[in-house]
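*Asks:* Generate coordinates for the entire structure from the input sequences, incorporating the hints supplied.
Those protein sequence lines, which keep their order, are chains Y and S.
As numbered in numbering that gives the first Met the number 0, residues 0 to 307 make up the first sequence, in order.
As numbered in numbering that gives the first Met the number 0, residues 0 to 266 make up the second sequence, in order.
No wet-lab data here; the hints were simulated from the structure.
Note that CB positions come from ideal geometry on N, CA and C, so glycine has one too.
One should not assume that every hint holds.
On the chain S side, residues computed to face chain Y include the following (Cβ under 10 Å) [said to hold, decoys possible]: (1) R2; (2) L56; (3) I57; (4) D58; (5) S59; (6) V60; (7) F80; (8) D109; (9) A115; (10) I143; (11) I225; (12) I229; (13) G232.
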Amino acid sequence: MIHQNRPLKRYHSRRRSALRDRQFVTAVPYLWLILFFLIPFLLVFKISLSESVLAVPPYLPIFEWVPEGFLNIHLNIGNYLRLFLDPFYASGLMTSLIIAFVATLVCLVVGYTIAYSITRIPQQWRFIFLLLIILPFWTSFLVRVYAWMGILSKDGLLNQLLLSLGLIQEPKQFLYNNFSVIVGIVYCYLPFMILPIYSVLEKIDEVYLEAAYDLGCSPWGAFWRVTFPLSLPGVLSGVALVFIPALGEFVIPELLGAPDNLMIGRIIWIEFFNNRDWPIAATVAVVMLLMFIVPIMVLQRRQLRKQG
Amino acid sequence: MRRLSSFNITGLILGYAFLYIPILTVVVLSFNDSMLVTTWTRFTTRWYTSLLENEGLIDSVFASLKIATLTATLAVILGTFAAVAMVRFGAFKGRMLFSGMISAPLIMPDIMTGLAMLMMFVATEQLIGWPSHRGLMTITIAHITLATAYVYLIIQARLADFDRSVEEAAQDLGARPTKVFLVITLPMIAPSLISGWLLAFALSLDDLVIASFLSGPGATTLPMLIFSSIRLGVSPEINALASIIVFIISLGVLVAGLATWRRQREK
Chain Y
0 MIHQNRPLKR YHSRRRSALR DRQFVTAVPY LWLILFFLIP FLLVFKISLS
50 ESVLAVPPYL PIFEWVPEGF LNIHLNIGNY LRLFLDPFYA SGLMTSLIIA
100 FVATLVCLVV GYTIAYSITR IPQQWRFIFL LLIILPFWTS FLVRVYAWMG
150 ILSKDGLLNQ LLLSLGLIQE PKQFLYNNFS VIVGIVYCYL PFMILPIYSV
200 LEKIDEVYLE AAYDLGCSPW GAFWRVTFPL SLPGVLSGVA LVFIPALGEF
250 VIPELLGAPD NLMIGRIIWI EFFNNRDWPI AATVAVVMLL MFIVPIMVLQ
300 RRQLRKQG
Chain S
0 MRRLSSFNIT GLILGYAFLY IPILTVVVLS FNDSMLVTTW TRFTTRWYTS
50 LLENEGLIDS VFASLKIATL TATLAVILGT FAAVAMVRFG AFKGRMLFSG
100 MISAPLIMPD IMTGLAMLMM FVATEQLIGW PSHRGLMTIT IAHITLATAY
150 VYLIIQARLA DFDRSVEEAA QDLGARPTKV FLVITLPMIA PSLISGWLLA
200 FALSLDDLVI ASFLSGPGAT TLPMLIFSSI RLGVSPEINA LASIIVFIIS
250 LGVLVAGLAT WRRQREK
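*Replies:* What follows is the structure, given as C-alpha cells:
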C-alpha cells in the first residue's frame with residue numbers, strides 16, 4: 000500500500016509546487032500593474048473631482064473624516080463644467096483632433112505605400128529593409144524632432160535649398176505652425192504604421208490575387224477588392240498606434256508648433272506645471288481617456304478577437 | 000508573381016529618403032565649424048570635444064544609464080512572467096483585466112502615464128510617507144511599467160509560436176514544469192529576451208515626458224537636458240550630441256539585426 004502511494008504523493012506535491020510557481024508568476028506582474036498602472040489612473044479620476052487650492056498637494060481631499068465620525072465627501076464637478084464651457088479647452092481638443100487626424104491619414108498613405116513595396120522585395124532582402132524602418136524608431140525621439148527644427152527654420156536647409164533653386168525670393172518660416180507639427184508627427188510615428196501593415200500584407204496568400212486576375216480584375220481593382228480589405232486589421236492597429244499618441248503628443252507641438260498651438264498634451268502640461276492646477280489637468284486627461292483612448296482600445300481588441 | 004514595379008521603387012526611395020535625410024543632416028552639420036548651423040565653413044570636431052567638458056551632461060548620461068539598466072532588467076522579468084501567464088496558463092481569474100492593463104501603456108500618451116504616476120506617488124507620500132522624494136527611483140518605476148508592455152509583446156509573440164515538443168520530452172523524462180522552463184524554454188527564447196531588454200533600455204533612455212513628471216531636484220536625465228537646450232533653438236553642440244546618440248544606437252541595432260539575419264539565413 001505505502002509503496003504504491005509514494006508516486007501518487009510525489010505527483011501531488013509536484014502539482015502543488017507547480018501551482019505555487021504559477022500563482023507567483025501571475026501575481027507579480029499583476030500586482031505591479033494594479034499598483035503602478037490601474038491605481039494611478041483611478042487617482043487621476045478622483046483628483047479630477049476635487050477642488051484646486053494653493054497648497055501641497057494643490058487639491059482638496061474628497062473624502063474627509065470629521066471629528067464627529069462622519070465621512071464628508073466633497074465632490075466637485077466644476078472642473079468638468081469648466082472644460083465643456085470654456086472654449087479654450089474645446090478649441091484645444093479640436094486642434095488636437097484635426098492635427099492627429101491629418102497626420103494619421105498622411106502616415107497611412109505613406110506607410111501603406113512603403114509597407115506594400117517592401118512585400119514586393121525578394122524575401123531574402125526584406126529583413127534589411129525592415130531593419131532600416133525600425134532603426135530610426137530606436138533613435139532618440141528628441142533628436143528626430145530636433146532634426147526638423149534645423150530643416151524647417153527660417154535659416155534652415157529647406158529655405159536654403161528653395162532659395163538656391165530660385166523657387167522663393169526670401170526665406171520663409173516653415174516652422175512653428177500646424178504644418179510643421181504634422182510633418183513631425185508623421186516622421187516620428189511612421190514606423191508604427193508601416194510595421195503592422197507590413198506584417199498583415201506579408202501573410203496574404205497570392206492565390207486570392209491570382210483568382211481576382213483570372214476573373215478579369217484590373218491590378219487597381221484587385222488591390223481595392225482583395226488586398227486592401229485583407230490588410231484592414233493591420234491598418235486599424237497602425238491607425239490606433241499613430242492616432243492616440245499623436246492626440247496626446249506634447250514634445251512635437253512644443254518644439255515645432257506655434258506658441259498658441261494648444262494641443263491637449265500641451266494643455267495638460269501647462270495646467271500642471273505652469274498653473275499648478277492639478278484637478279483641471281486630471282479632468283482633461285479623464286475626458287480624453289473616456290472619449291478616445293478607451294473606445295479605440297475596445298475597438299482594437301474586438302478586431303483582434305475576431306481574428307482569433 | 001510578386002514583382003517590384005516602378006511605383007514600388009519610387010515609393011521605397013522617397014520613403015527611405017524621408018526617414019534618413021533629416022537625421023543625416025544633423026550628423027553632417029555636427030562637423031561644421033560655423034556657429035551658424037546652416038552655413039558650411041569647414042570640418043571640425045571641436046563640438047565633440049566641448050561636450051566632454053560639460054559636467055552636467057556627463058552626470059545626466061550616468062543618471063539615464065542607471066535608470067535604463069534597471070528598467071530593462073526588471074521589465075524583462077515582469078514581461079516574461081506576464082507573457083508566460085497569458086500564453087501558457089489558460090484561463091485564470093481577472094485575465095481580461097490583466098491583458099488590458101499589460102498592453103494599455105503601449106498606446107497611452109506619455110503625458111497621461113506621467114501625470115497618473117505622479118499623482119499616485121504624491122498620494123502614497125501623503126499616506127505612508129513613501130517615496131520620501133522624487134528622483135531616479137520614481138522615474139525607474141514608471142519606466143518599468145511602460146517598458147514591460149513592449150517586452151511582453153515581444154516575448155508573448157515568441158511563446159505563442161513556440162514548438163513545445165522539446166518541453167514535452169523533458170516533462171516526459173520527469174522534469175518539473177519550473178525546471179523545464181528554466182532549462183529548456185528560457186534558453187530557447189533567449190534572443191527575444193535580449194531584444195526585449197534592448198528595447199526596454201532604449202525606451203527608458205529616450206523618455207522625456209514621463210521623466211519630467213517624476214523627477215525631483217537633482218535628478219536630470221539626458222533627454223531632460225537635451226530638451227531644455229533645444230527649446231532655445233538649434234546649436235552645433237546639440238548636433239554633436241545627437242550624432243553620438245544616433246551613432247551608438249545605429250551601431251547596436253545594426254549589429255544585433257545583422258546577427259539575427261545571418262542566423263535566419265543559415266536555417
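*Asks:* Now, for every hint given, state plainly whether the structure supports it.
*Replies:* Hints, one by one, checked against the model:
no., hint, verdict
1, R2, "holds, 6 Å"
2, L56, "violated, 14 Å"
3, I57, "violated, 17 Å"
4, D58, "violated, 18 Å"
5, S59, "violated, 13 Å"
6, V60, "violated, 13 Å"
7, F80, "holds, 5 Å"
8, D109, "holds, 7 Å"
9, A115, "holds, 4 Å"
10, I143, "holds, 8 Å"
11, I225, "holds, 5 Å"
12, I229, "holds, 5 Å"
13, G232, "holds, 7 Å"
In this structure, the hints that do not hold are numbers 2, 3, 4, 5, 6, in rising order.
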